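Here my numbering is used: the first residue of the sequence shown is 1, the next is one more, and so on.
Just so you know, not all the hints are guaranteed correct.
[Stated by the list, open to error] Straight-line distance between alpha carbons at most 20 Å, and here's what the computed EDC-like set of lysine to aspartate or glutamate pairs gives:
1) Lys362 <-> Glu320
2) Lys582 <-> Glu565
3) Lys96 <-> Glu40
4) Lys496 <-> Asp400
5) Lys455 <-> Glu474
6) Lys41 <-> Glu92
7) Lys755 <-> Glu854
8) Lys660 <-> Asp756
9) Lys249 <-> Asp223
10) Lys213 <-> Asp577
11) Lys533 <-> Glu588
12) Lys755 <-> Asp521
13) Lys362 <-> Glu317
14) Lys582 <-> Asp599
15) Lys749 <-> Glu570
16) Lys362 <-> Glu352
17) Lys741 <-> Glu593
18) Lys749 <-> Asp581
19) Lys367 <-> Asp390
20) Lys185 <-> Glu565
21) Lys573 <-> Glu588
22) Lys455 <-> Glu471
23) Lys268 <-> Asp521
24) Lys496 <-> Glu471
25) Lys273 <-> Glu290
26) Lys259 <-> Asp223
27) Lys749 <-> Asp577
Everything labelled a hint here was simulated from the structure, so no lab data went into it. Note that the structure is a prediction, hence the values are computed from the model and not measured.
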Amino acid sequence: SPVTAIAEMTIAALLTVVIQVSETNGSCKLQKDFDIPVLEKNGDILIGGLFPLHFIAPEPSLLYISQPHYSKCNGFDYRAFRWVQTMIFAIEEINKNGTLLPGVSLGYKIADSCDNVHDGLRGALTLVNGNDEAVLSPKCNKSFPVSAIIGLASSSPTRAVAHTIGPFGVPLISYFATCACLTNKREFPTFLRTVPSDLFQVRGLVQLVTHFKWTWVGAVATDDDYGQYGLQSFAEQLKEHGGCLSFYKTIPKTYSAEKIRQIVETIKSSTAKVIIVFTTEGKFSELLKEVIRQNVTGRQWVASEAWVTATLLSTTEFQETLGGTIGFAFRSAQIPGLRDFLWRIRPSPSPESVFVNMFWEKLFDCKLNFPGVKTNYLAPNSHICTGSEDFRATNNIYSDVSQLRVSYNVYKAVYGIAHALHELLECKHKGEALGNRACKAVFPFEHRQLLNYLKKVDFINQFGERVNFDENGEPVPLYDIINWQKDDSGNIRFVKVGSFDASTPKGTQLNINEKDIMWYDGQEQVPRSVCSKSCPPGTRKAIRVGEPLCCFDCLPCAEGEISYESDSTECTKCPPDHWSDKDRTMCEPRAIEFLSFQDTLGIILVILTFVGVSVTLATVVIFYNCRSTPLVRANNSELSFLLLIALALCFLCSLLFIGKPSVWSCMARQAAFAISFVLCISCILVKTIVVLVAFRATLPGSNAIKRFGPLQQRAIIFLCTVVQAVLCALWLIVAPPFPFKNTSYQGGKIILECKDGSTLAFYLVLGYIGLLSCVCFVLAFLGRKLPGTFNEAKFITFSMFIFFAVWISFIPAYQSSPGKYTVAVEIFAILSSSFGLLICIFAPKCYIILLRPEKNTKKSITCSKIKK
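Take the sequences, apply the hints, and build the full model.
Below you can see the structure in the form of C-alpha cells.
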C-alpha cells in the first residue's frame, strides 16, 4: 500500500542520515555518506526549497542489512527548474522591497527531490540539519538552518517529509501536492499549501464529466498517494452522480514494460471514450509512448492539474494523441520581471550554479568543461559547451512564462512566508507592548512561532488575489479549465475555456464555454462515452445482471405507464381515468365504452328486441281473435295470454341493458330481468301442470281438474313471482347493483358496466330461475308422451332444453367477452331464450290456427282423442 511504501522509504532515507553524538564534547554532527547537490545563498533568515529537478529516480535496494545505495537521478525537468528560479526571483524581489521585512535579508537553500520519497526525505533532512556541519548543542533540533520549507511537488514525497519534520514544528508549504490526505492536521500539523486539495479538483472533474453526460469513463493513476486517493475519491463521487468506471489502471512506480502494455491494451479494448488521468507528466509520458506504439486513437483525455499544462507532453511526439485534452489547472498570473530574470542565468564553476549547469548541459546536449568542477550528468562522449551559447533561441518550457501556474504557487508561498515573518518580527497578533526593537531582539525565533503566524497570513498580493489559509492550511479552491488546441503553426496551445470555483454555491461552481472547446481529432461535437445508449422517453432502464449501473437495456413502459424523460429508471402510472399513448410518453383520457343505442351492435339488438315484442304481440292478437276456437280454449287461453305478456316483458327488459349505465338502469335491469323470467317460467310451469292434470282428468273417477282450477293456477304463478320479487327487493335494499368504471379489463378504455353489488343475491336470483326451470323441465319431460291434443309437454320440454342450452353457453361467453360485448352477450341470451320459448310453445299453435284451420275444430280434437 502507499502508506507502507512511504514508511519503508522513510526508514531507508533515515538510515543514510545518521546523527552521531560525540561522547567527549556532547556535540552532534551530520554523517554525510552521500552527495546531494544543494543550491544555497546566505541571509538573516533561510527558506528551504524542494523541487523535482529530475523526474526519473532508480529505486534503492532496501535489504535493511546495509546502507541503501543511491544512483543519480535522470530526466531533467525544465519546468521544475523554472520553479526554482521563481523562488529565487521572489526572494530577491522581497529583499529589494523596503516595506516588507525591512532590514532583514532572506536567503535560500534548495535541494532536488527527484520526485520520489527517498530523495525527497534526503533533501529535507539536508535542509533542516545542515550539510556536514558541526553543531555545538547536544540537541540537534535546536539549530535548524531553514525557517520553513517550500515543497514538494508530489503527494507521496510530501507526506513522507511532512511526517518527518512535523514533530519539530518546521512549516512545510507545498506548491503542487494536492492529495486530500494531507488535509489531516493531526497527522500533518505543520503542512500548508498554496494549491487546492484534490478534494476540490475531483469535485470539479465529476461536475465536468456530468456536464458532458459522460457516464462511462476509464481512469489511469500513478501508484502513489496522489493517484490512489484521487482515483478513489473520483470513483465514489462519480457513482453518486450516476456514472461508472469502465476500468481503472495503476501506473507502477518502477517502470515495467509489461504492465504499461497491459494498461494500454485495456484502454484499447474498452468502450469508454473518455479517460481520466491522475498522474505526473513523467509517469504519463511512459504510458503515452506505448499508446502511440499501439496506435490507440479516438480517446478523449481528461487531465488532472499535475500534467494539464506540462510542455513535456505537448511536444510533437504526443500532439496527435493528446490534441483536444481538457482538464483542470491552477490559476495563472503574469509575474513582471520574471522572464528577464530567467534569461540572465549563465553556467559557471561556482556552487551557486550547480542547477544552472545541469540545465545547460541538458538543454544543449553537451558537457561543461570548467576546471575543478565535476559534471557527469551526460555521457562522456558529449561535445563540450562553453557556457556562452544563446539559450533564448531554443524552444523550451523554462523560459515560457505564458502559463505561470505552479510557478505562481511557488511565488505565493515565498510571499506568504515573508508576510508571516514580517508580522512575527513586528510582534503582531500577540498584543505585546514591546516595541519593534525589543521584539527583534528575540531573533532567532522558534519554528512553531513562524507556523502560528503562517496560519494567520491574510493579504492581497500585487495581482489582486487574496492569499490566506483556512483552518486546514488550504487556499481558496480556484481552477482554470484548460483545453489543448493546435495553433496555426501546429503547436499545442493551452486555451482557457472555463473556470471552477469551489467556494461558490453548488450549481454555480462550474463555468464552461463549450463553443470554445476543440475535442480529440479536431472534432467540434462533444464526444459520447456511455456504456449503453440513452433510453428515450417511453422506455425505462433495466440494469444488466452482473454489470455496472451504467450498462443497461431500454425496455418499453408497460401499458398504462409512461416516461416523459430520457434515462428514466421507472415508468409512471397514468391516473385511473387516463391511459398511455402508443409511444408511452404521455397519458391520454381513456375512451369510455358501453353498449349504446347508436352502436351498430346496439341497433341490431334493439331491432331484434322489437321483432321479438312484435312477434309476441302478433301472437297475442292471433290468440285473442281465435280465443273461441277449440285449440285456444283447449290450451288454457288465460295462461297463454299471461305467458305471452311475460315473454313481451322478457324481450323489453333487454332494452334496459343498452345505454350508459346509471344507478337507476343498473337496479332496474337486473330486477326486470329476474322477475319477468320468473313470471314466464311460472306460467310455463303451470301450463305443464295443467297438461298433466288434464290427462288425469280423462281417467274414470278423477276429479283433479276441479282441484287445480284457475284460482290455484293464478295462486301458483303469483307465489312463484312474489318469491323472486322479494329476493330482488332485498337485493336492491341491502346491496343494489351500481354503475362501475372498469379500468383494469381493457387498457385504453373505461368500460362502463354495472356491478352486481351483492354476489350472493345475484346467484340467489339466478338460482331461483334455474330451480323453476328445472322443475318445469322435469314435469314436461314426464308428460311428453301424453295424447297430442292436450299435450304441450313435448313443446315445453324442447323449449326448456333450448333455454338451458342458451344460458349454460352464456356463462363462459359472458366471462370471456371484452368490454361492451359482455352486455351484448347477456342481451343475446335473453333474446335467444325468449325467442326459444315463444317459437317452441306458440309456433305450432299459430301454424294450425293460420295455415291448418281445418284442424282447429272440435271434431278434430275429438277424433284425435278417440284414436288415442
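Hint check results:
A distance of roughly 26 Å separates the Cα atoms of Lys362 and Glu320; the hinted pair therefore is violated under the 20 Å criterion. A distance of roughly 16 Å separates the Cα atoms of Lys582 and Glu565; the hinted pair therefore holds under the 20 Å criterion. For the proposed pair Lys96 and Glu40, the alpha carbon gap of about 18 Å is at most 20 Å, so the pair holds. Of the supplied pair hints, the one linking Lys496 and Asp400 holds, its CA atoms being roughly 17 Å apart against a limit of 20 Å.
Taken as a hint, the Lys455 and Glu474 pair is honoured in the structure, with Cα atoms around 10 Å apart against an allowance of 20 Å. Taken as a hint, the Lys41 and Glu92 pair is honoured in the structure, with Cα atoms around 11 Å apart against an allowance of 20 Å. Distance restraint check for Lys755 and Glu854: the Cα-Cα separation of roughly 54 Å exceeds the 20 Å cut-off, and the hinted pair is therefore not satisfied. This hinted pair checks out: Lys660 and Asp756 have alpha carbons roughly 16 Å apart, not beyond 20 Å.
Pair hint Lys249 plus Asp223 holds up; C-alpha atoms about 9 Å apart against a cutoff of 20 Å. At roughly 37 Å between alpha-carbon atoms, Lys213 and Asp577 are farther apart than 20 Å, so this suggested pair is violated. Using a Cα cut-off of 20 Å, the hinted pair Lys533 and Glu588 is violated, with the two alpha carbons roughly 28 Å apart. Using a Cα cut-off of 20 Å, the hinted pair Lys755 and Asp521 is violated, with the two alpha carbons roughly 69 Å apart.
Annotation: proposed proximity of Lys362 to Glu317 holds, straight-line Cα distance about 19 Å (limit 20 Å). For the suggested pair Lys582 and Asp599, the alpha carbons sit about 25 Å apart, so the restraint of at most 20 Å is broken. Distance restraint check for Lys749 and Glu570: the Cα-Cα separation of roughly 23 Å exceeds the 20 Å cut-off, and the hinted pair is therefore not satisfied. Under the criterion of a C-alpha separation no larger than 20 Å, the hint pairing Lys362 with Glu352 is consistent with the structure, at around 18 Å.
Annotation: proposed proximity of Lys741 to Glu593 holds, straight-line Cα distance about 10 Å (limit 20 Å). At most 20 Å may separate the alpha-carbon atoms for a hinted pair to count; Lys749 and Asp581 meet this at roughly 12 Å. Restraint check for Lys367 and Asp390: the C-alpha separation of about 15 Å stays at or below 20 Å, so the hint holds. For the hint linking Lys185 to Glu565, the alpha-carbon distance of about 46 Å lies beyond 20 Å, and the restraint is violated.
Between Lys573 and Glu588 the CA atoms are separated by roughly 12 Å; this keeps the pair inside 20 Å, and the hint holds. Between the alpha carbons of Lys455 and Glu471 the distance comes to roughly 8 Å, so the proposed pair stays at or under 20 Å and holds. Straight-line distance between C-alpha atoms of Lys268 and Asp521 comes to about 16 Å, which keeps the hinted pair within the 20 Å bound. A threshold of 20 Å between alpha carbons decides the hint, and for Lys496 with Glu471 the separation of about 30 Å lies outside it, so the pair is violated.
Between Lys273 and Glu290 the CA atoms are separated by roughly 18 Å; this keeps the pair inside 20 Å, and the hint holds. This hinted pair checks out: Lys259 and Asp223 have alpha carbons roughly 12 Å apart, not beyond 20 Å. Distance restraint check for Lys749 and Asp577: the Cα-Cα separation of roughly 9 Å lies within the 20 Å cut-off, and the hinted pair is therefore satisfied.
Checked against the numbered hints given earlier, the structure breaks hints 1, 7, 10, 11, 12, 14, 15, 20 and 24 and satisfies all the rest.
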